[in-house]
Amino acid sequence: MKVGVEYFIAVSAIVFGIGLFGVFTRRSPLILLLSVELMLNACNLALISFSRQWGTHTGQIFALVVMGIAASEVVIGLGLVVAVARRKGNLDVDRLAALRN
Amino acid sequence: METLSWLCLLLPLAGVAVLAVAVNRLSREAAAWLGTAFAFASFVCAAAVFFGVLGEGESQRQHIYTLYTWAGSPTFHVPLSIQVDQLSTVEMLIVSGVGALIVMYSVGYMHGDPKERRFFAYLDLFLFSMLLLVMAGNFVLLLAGWGLVGLSSYLLIGFWHERPEPVAAAKKAFVMNAIGDVGIAISIFFMVRDVGSTDFHTVFTRGPEVWAKGGSTANWVALGLLVGAVAKSAQIPLHTWLPDAMEGPTPVSALIHAATMVTAGVYLVARTHVLFENAPNVQEAVAILGVLTLLMAGVIAIVQTDIKRIIAYSTMSQIGYMFAAVGIGAYSAGMYHLLTHAFFKALLFLGAGIVIHALANEQDVRRMGGLRAVMPRTAVLMWIGTVALIGFWPLSKDEILADSLHHGGSVGWIVFIGGLAGAALTGIYAGRLMRLVFYGEMSDFARDTFHADHGESPWVMFWPVAALAAGTVLSGFLAVGFGSVNHFGNFLAQTAPTIEPTVSQDVITTLIAWALGGAGILLVWRLYADPARVAAMRSRFQTMAIIAEAKFGWDELYDNIGYRPAVWLATTFNRVGEVYVIGGSLWLARVVVSALARATALAQSGVVRQYATVLASGAAVLAVYFLGKANL
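Residue numbers (our numbering), protein chains in the order written: chain A, 1 to 101; chain B, 1 to 632.
If you're looking for bench data, these hints aren't it; they were derived computationally from the structure.
There's no promise every hint is true.
Taking beta-carbon pairs under 8 Å as the criterion, some of the chain A residues facing chain B (in silico) [stated by the list, open to error]: (1) Phe24; (2) Leu64; (3) Gly68; (4) Asp92; (5) Val93; (6) Ala97.
Counterexamples of contact, computed for chain A against chain B with all Cβ distances above 12 Å [unchecked claim]: (7) Leu40; (8) Phe50; (9) Ile61; (10) Ala63; (11) Asp94.
Chain A residues, not near chain B, derived (Cβ > 12 Å throughout) [to be verified]: (12) Thr25; (13) Ser35; (14) Ser49; (15) Gly59; (16) Ala83.
Just so you know, even glycine gets a beta-carbon here, dropped at the ideal spot from N, CA and C.
With the hints as constraints, model all of the structure from the sequences given.
Below is the structure:
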């Protein structure tokens, strides 16, 4: 059975939706980072599946770059989480609204 | 001769430059004499140019010297060119000659004034501007000179700017002259559009071809020039600045507001007579305005009490004669009166200046009197000027009247009758001036103020006046009339044609004018012999006297139709426009912007998840939109 590109896209969309739902609903920065990571990987999946469909490598290279960026983002993000936790004592992102003014 | 012409024009400008650069490094006296020297050098060049022109054949007397192209485009250019011909050499001689004498007189008159150096720089600047005006070879350069004489007139009227009156008078003169400048500029626009050149020669030959005689464009061109001439020469209705201009120092009144600048309008009409002949209605208007002005100014002069204002109104009146002359086509007669008037009016002003100088700057004739006893030389000189003013000799005014009789038609008769009435008025006001200042009892004021040990006047003030008196008498021989050779008219014939009246017309006119002028003087002498007679006369013509003392209400008229509406408009715009329209719109802009800002500020909650939601919904909307589009 040949697995068509639409299946990969469907999985990618579902994973992206889960990630987005996580970003909307959860308040913990750790879960947020996790959800963002899910969304990024959903994009990677879409990129690679399109790349496979057209028989080119462009999408795969994009995916590699995204992985690299995701890794560094997590490093910075976790560092920020630790710093905020030390300063404020709690980790509710909705209460971190100092930039409003 | 080309070099001499340029030197004549540029020497006064060099004087300005030297005086402006030297400033305090020159002593006051050195600066004054330097200014005088430059003026005299200019006169020497003008005289050399005049004799050069005189020595040439009749047909070769017109020269155009071009330095370079001043402003140019492929199809239109304005050269920096001067025109030296019969008309301009006569004006050059008057301007630099009378000018140099008056600058020399100023050495004595302005002695001790703290701004003496600047005064002489201004005088030289005026001489340069005036020479530029009369030597210009095209209309643009003429307008440049026209504007510059307005500027130097402004600077010199307001020379004593510590007092408010001279400043107001200077502004008034400048504004009224600006109206005239605009008129000339409009004429120039027509020339550029229809002729494609502003050179005198081209405009005068091509103009009558492209502008139908008496057509609307021909009328507009002449009318624009007339507005300029009327403003500069203080004729009705733009005359009100001239009497006020007497706030300037007396040499300025003599030079600018009697001898040269105010007569520039006459020169303009004579110079552009081709364009005026192409618009006969406008030319008739020139004559009518001249007659109206000469009568009105003559009446006002009778009731004035300020010695300089009497002479100023007399100047207006005499320029009225010149306008009447050029309005009926007697151009050389108009120019001849301009020449003699430059001499005798400068003479009268400078004579009055000597009196004012001797009486500690008093100008009210009622406080003078009996000065003949202490100032005999001045009295004689003033008599020469008065005799010339009334028209006994030189016969320039009589020539205008004889020409008008010869011209005939309704306009000719208006000028003739009006001019004769004006001759009687001239006799009255000129006689009154002499009677009040030099005859009768010496007033206490005059006796207290006059210091016999100072003498009448310093020699540097006396000799220029004496030279002007000689000029007045001698200029009479240039054109005697009565069928004898008219040297002046013949010389000008090519550039400013004339009318040749018959001998009988000339004799009749002159005799009537003499009789009327003499009657005027006799009347004044009889009246002022007894103060009761003056009072009786005044009460008999009370209405007329009140109107004349109100100067026919022109100032009030302009106040009411010009100044007051302008002030009302300005205050109304200030109250309504400034406060409600401009202030209101700013207030509205502020309210709207701050409301918008407050509304958008609500979106900036600082909650990251909210931003993400908005971002995602935006992306979702876009996705739905593009998917929908793709399916279609």
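Going down the list of hints, with the structure as the test:
1. Phe24: At about 6 Å, which falls below the 8 Å cut-off, the nearest Cβ of chain B leaves the hint on Phe24 of chain A intact, so it holds.
2. Leu64: Check failed: Cβ of Leu64 of chain A comes no nearer than 24 Å to chain B, outside 8 Å.
3. Gly68: 23 Å, violated
4. Asp92: Status violated, d = 10 Å.
5. Val93: Constraint on Val93 of chain A satisfied, holds at 6 Å.
6. Ala97: 3 Å, holds
7. Leu40: Leu40 of chain A is indeed farther than 12 Å from all Cβ atoms of chain B, at 14 Å.
8. Phe50: About 16 Å separates Phe50 of chain A from the closest Cβ of chain B, which puts it past 12 Å; holds.
9. Ile61: 24 Å, holds
10. Ala63: 20 Å, holds
11. Asp94: It is violated; Asp94 of chain A is separated from chain B by about 5 Å at its closest Cβ, not greater than 12 Å.
12. Thr25: 8 Å, violated
13. Ser35: 10 Å, violated
14. Ser49: 18 Å, holds
15. Gly59: 20 Å, holds
16. Ala83: 16 Å, holds
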